[in-house]
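K.L.:
This is what each chain is made of:
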Amino acid sequence: MKEKWKRFRQSYLLYSFLRDPVAIVSLVVLVILFALSFLAPLIAPHNPYDMASIDVMDSELPPAWLPDGSDTFLLGTDIQGRDMLSTMLYGMRISLVIGLGAVVLQAIMGIAIGLISGYRGGRIDAVLMRVADIQLSFSTIMVAILIGAIFQVAFGVGRYEQLAIPLLIVIIGVAEWPQVARTVRASVLGEKNKEYVEAARVIGLSPMWIMFRHILPNTLSPVLVISTIQVANAVMSEAALSFLGLGMPVTKPSLGSLINSGFEYIFSGAWWITFFPGVLLVVLVLVINLLGDWLRDVMNPKLYKG
Amino acid sequence: MFAFIVRRITQSIVVMLIIGFIGFAIKHEIGDPVRDIVGISVSVAERDALREQLGLNDPFLVQYGRFVYNALHGDLGYSFFFKKPTTEVILAKAPATLELVFVSALIIILVSIPTGIFAAIYPRNWFSRLTMGASIVGVSIPVFLTAILLIYLFSVELGWLPSYGRGQTVNIHGWHSGLLTKDGLIHLILPSIALSSIMLPLFIRLIRSEMMEILETEYIKFAWAKGLRRRRIWLLHAFKNTLLPVITVGGVQIGVMIAYTILTETVFQWQGMGFMFLEAVERSDTSLIVAYMVFVGALFVVVNTVVDIIYGLVNPTVRIVGSK
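So the protein lines, in turn, are chains A and B.
Throughout the first sequence, residue numbering follows our numbering, covering 1 to 306 in sequence.
Throughout the second sequence, residue numbering follows our numbering, covering 1 to 324 in sequence.
By construction, these hints were calculated from the structure, which means they are not laboratory data.
Quick reminder that beta carbons are idealized off the backbone N, C-alpha and C, glycines included.
All clues stand as given, with none of them false.
Computed beta-carbon distance windows for the label pairs:
1) B:Asp-75 x A:Pro-166: 33 to 39 Å
2) B:Glu-216 x A:Arg-120: 35 to 41 Å
3) A:Lys-4 x B:Leu-61: 56 to 62 Å
4) B:Asn-57 x A:Leu-100: 44 to 50 Å
5) A:Ile-43 x B:Lys-84: 49 to 55 Å
6) A:Ala-154 x B:Asn-57: 18 to 24 Å
7) A:Val-104 x B:Lys-84: 40 to 46 Å
8) A:Glu-3 x B:Tyr-311: 47 to 53 Å
9) A:Gln-10 x B:Leu-236: 45 to 51 Å
10) A:Leu-224 x B:Ile-18: 31 to 37 Å
11) B:Asn-70 x A:Leu-224: 45 to 51 Å
12) B:Pro-123 x A:Lys-6: 35 to 41 Å
Listed next, the stretches of chain B that the computed footprint assigns to chain A, with coverage defined by at least 3 CB atoms under 8 Å from CB atoms of chain A:
13) 16-30
14) 134-141
15) 146-156
16) 260-272
17) 279-289
Derived list of chain A stretches under chain B, where covered just means 3 residues or more per stretch with a C-beta under 8 Å from a C-beta of chain B:
18) 146-154
19) 228-240
20) 244-251
21) 270-278
22) 286-293
Using the sequences and the accompanying hints, generate a full structural model.
P.N.:
Shown next, in the form of structure tokens:
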């Protein structure tokens, strides 16, 4: 353990991190946002899911510093009288859970498919990569919207809203796997003719073992880089789906559905219902993107060029 | 070259058949054509008779064959909400979407090419740094948020531009165009800016990085050594080769843009295909959803095939590698 810590302290990763103010600030902001969202039940001044504590009379109050604002609701209230700040914290938690879940799912799918495709080659490879190409040419967001639409029609709106979180994880995960699969396949192709793989094959190890225990560890750094950026993409996709009404219901809003619910009231001057969740969403996606960019530059500057 | 084109077209036909198959399977599983045609007051016996008559009791593959046959003849089913064939509904809505995409693509080309070239030639200039900084922020702002911001700023606060609808349109042989009237053009401004905002950063970065790479190559150095004029080297020698990757990415991004039209059209209540699609989802209009899917799928496939063929024409190495 101590050895590992020492190695980490002397690593190039840490060295370049400490010399990049943008990366430091991004990580700090990201950690704060994570802490805020996962500790939401402890920090948030109100509980937006507790119907008893919500009063319709409080609806559409502006932020506390404006006239008519109330001190109990720092960032104002939404149309149902929920405290904006608390609803946003809970909403960000949902957005992050879906984003991370979708990335885990697509990483599992992408790694498995990419490994098999790259290692086996031949016909399996051709078929799998064609599927990936076709899906990518449709763009992930289009695929996500189409699957979401079909799920909603198939399940019915009520059932869809009940199952929204797992369904959204599946939709976004399935829509985005080709990117991971392609990245993994490309590095597998680079690795599989190296001596250590040949040695493993000569001593008679099974292909499964070689793929997952020998090749996989050497392909993980590009996967890590791409996964970081994919979290940002997944959060964006979730927000887009929720904005279209194919995501989280208003009773359990994510950032996207909050923006959607506030959009109708922007014409009557209630800008804060859209504005604050919007800013939070942009900041969240931006810091993840900045971190992803930094990570890519440090780990593998040639990744996106290949 | 001919073999390349034939192979590419065969591929796209296979893709279309697969898309059609998925679409048909969805329709088969969750749609109900009988409900699409008759009301609630029709008896079970009559429904069964109609079911038999429509061939809904035939084997799955027979029905799929019929679906493909009908689709080739321009019949993608019947929308129960509009009481019209789905192809007719989609074709009536398509011009709005295509015009939006066209104007946005124009904005993207006109803005990203000069900016990208400039940022590549003068990477240390303050303007280039500002663009690069702004572009990463730009990628992080979802398109619907940009759209809402634009509406709030220019429609609600300043009251300069309209916030919804297409305005006045001109009917040219059934193509309702907003490009020819002043009112229509004014209505186009905000939606097209919103739609292009999501792609602009990507294209500026792409053009910049490709151009920078090419400016380091030997043949550009040789061109400098020959003493050619700066403009000629930048625009003729370097930029021409930048276009290759831009074409490929551009082709893929048109697909992304069609997807984002769904978001933009929702915000601006733009009467196009995306808006229609979302309404169809709300009404569980399965035939229309599937028809949209097949239509958009065909659009993507055609665009991608054309882009690939153009790419093959411009860059011979693709053909040679592929034709073995």
